[in-house]
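Engineer: Protein chains in written order, with the numbering used here: chain G, 1 to 219; chain L, 1 to 67.
In case anyone wonders, no lab produced these hints; they're calculated from the structure.
Only a predicted model underlies this, so the values are computations on that prediction, with no experimental measurement involved.
Hints are supplied without guarantee of correctness; some may be wrong.
What the hints assert, rightly or not - List of simulated lysine-lysine pairs, BS3-like, C-alpha gap at most 30 Å:
(1) 179(G) / 21(G)
(2) 161(G) / 16(L)
(3) 157(G) / 73(G)
(4) 21(G) / 48(G)
(5) 161(G) / 179(G)
(6) 73(G) / 48(G)
(7) 48(G) / 16(L)
(8) 179(G) / 48(G)
(9) 16(L) / 167(G)
What follows is each chain in one-letter form.
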Amino acid sequence: MYLIDDERVENAIMAADAVCKAPGVYRSPGDYSGHASIDAMLAYVQTKFDIQVHLWDVSFQGTNIGSRLEVYKDRIEISVRSDQDIGWKRFCAAKELMHLLIDSAQDYSPYGNDRIDEMLEKGIIGLASAKNNPTGNPTQSELVAEIGAVEVLYPAKQIIKDIEQLKTEGHDPIISIPKAALIRQMPRFYVATALRQDFRTFVAAAMTQCNGRRENSSK
Amino acid sequence: MQNSECAKLAARYEDKRAEGLLDVKFFLHTTDKVLSEEVCAEVNRLDAAIADGAYVPLVFDDRHRND
Numbered sequence: 001m002y003l004i005d006d007e008r009v010e011n012a013i014m015a016a017d018a019v020c021k022a023p024g025v026y027r028s029p030g031d032y033s034g035h036a037s038i039d040a041m042l043a044y045v046q047t048k049f050d051i052q053v054h055l056w057d058v059s060f061q062g063t064n065i066g067s068r069l070e071v072y073k074d075r076i077e078i079s080v081r082s083d084q085d086i087g088w089k090r091f092c093a094a095k096e097l098m099h100l101l102i103d104s105a106q107d108y109s110p111y112g113n114d115r116i117d118e119m120l121e122k123g124i125i126g127l128a129s130a131k132n133n134p135t136g137n138p139t140q141s142e143l144v145a146e147i148g149a150v151e152v153l154y155p156a157k158q159i160i161k162d163i164e165q166l167k168t169e170g171h172d173p174i175i176s177i178p179k180a181a182l183i184r185q186m187p188r189f190y191v192a193t194a195l196r197q198d199f200r201t202f203v204a205a206a207m208t209q210c211n212g213r214r215e216n217s218s219k
Numbered sequence: 001m002q003n004s005e006c007a008k009l010a011a012r013y014e015d016k017r018a019e020g021l022l023d024v025k026f027f028l029h030t031t032d033k034v035l036s037e038e039v040c041a042e043v044n045r046l047d048a049a050i051a052d053g054a055y056v057p058l059v060f061d062d063r064h065r066n067d
């Protein structure tokens, strides 16, 4: 499905787990039944790296760009396109904040126009279009940041709980995408991604691979 | 070429690197049918909007009071 480094996926899931447990992100650590707080996620990132993170709502005409992240030596600037709905703005912010948690120096490039060329050339326009089997570091970084953002906004543990609750209530164990998107305040597209069996299998397999490697190396 | 949207963008990123820019990333929503000139033009509009002050802090007021 996706050719992404298992360790990078594991790193993103672990970073997402730490975000979920941070003060104010959810009602309480382990109770992920409501929406994640992006304000609290931003505060967590600022505290963790001791750097000012500016998150801006910018009015400009556009259809292609949801958001931009710029990392300077002394500050972080995140610009989100203003005319998107709240769910997309939240996802944009979460995805850019995830970059700060998971990227390493080898993912960095301060050449904006080259970055655009690379993304368009490789077709990296989101999880749904990873069809060209991205293997380069910056492009992997895009997909892994999205995976991390999905995990913050709708943690796998909560999906399992939601399915169990439907069963307990005697319903078909099929989560309503529009309802979940409303509760979680995230785009329907990414709720659907979170619920897709191949996505869940992919993430679980990456975690299992990494756990296996760790066990083998400790023997 | 020198006046192309991507050339303008490249020139501005040179300035940004001089300001201490280490990394830039974009979240693109579009399909792969789009041309880089269109995307560069959009980034140029984004920067123009910032230069014109057409932005406000993005605050969601969504924090849970558990701390």
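Engineer: Could you grab the alpha-carbon distance between residue 21(G) and residue 48(G) and see if it respects the 30 Å cut-off?
Structural biologist: holds (13 Å)
Engineer: Between residue 73(G) and residue 48(G), does the CA-CA distance stay at or below 30 Å?
Structural biologist: Between residue 73(G) and residue 48(G) the Cα gap is close to 16 Å, so the pair holds against 30 Å.
Engineer: Do the alpha carbons of residue 179(G) and residue 21(G) lie within 30 Å of each other, as the hint requires?
Structural biologist: Holds: residue 179(G) and residue 21(G) sit about 24 Å apart, inside 30 Å.
Engineer: Can you confirm whether the C-alpha distance between residue 161(G) and residue 179(G) stays at or below 30 Å?
Structural biologist: holds (15 Å)
Engineer: Between residue 161(G) and residue 16(L), is the straight-line Cα distance small enough, at 30 Å or below?
Structural biologist: violated (46 Å)
Engineer: Do the alpha carbons of residue 157(G) and residue 73(G) lie within 30 Å of each other, as the hint requires?
Structural biologist: Measuring from Cα to Cα gives roughly 36 Å; hence the hint is violated.
Engineer: Check the hint pairing residue 48(G) with residue 16(L) against an upper bound of 30 Å on the C-alpha distance.
Structural biologist: Answer holds: residue 48(G) to residue 16(L) is near 25 Å, not above 30 Å.
Engineer: Does the alpha-carbon distance linking residue 16(L) and residue 167(G) stay inside the 30 Å limit?
Structural biologist: violated (54 Å)
Engineer: Do the alpha carbons of residue 179(G) and residue 48(G) lie within 30 Å of each other, as the hint requires?
Structural biologist: Between residue 179(G) and residue 48(G) the Cα gap is close to 33 Å, so the pair fails against 30 Å, i.e. violated.
In summary, the numbered hints that this structure violates are 2, 3, 8 and 9.
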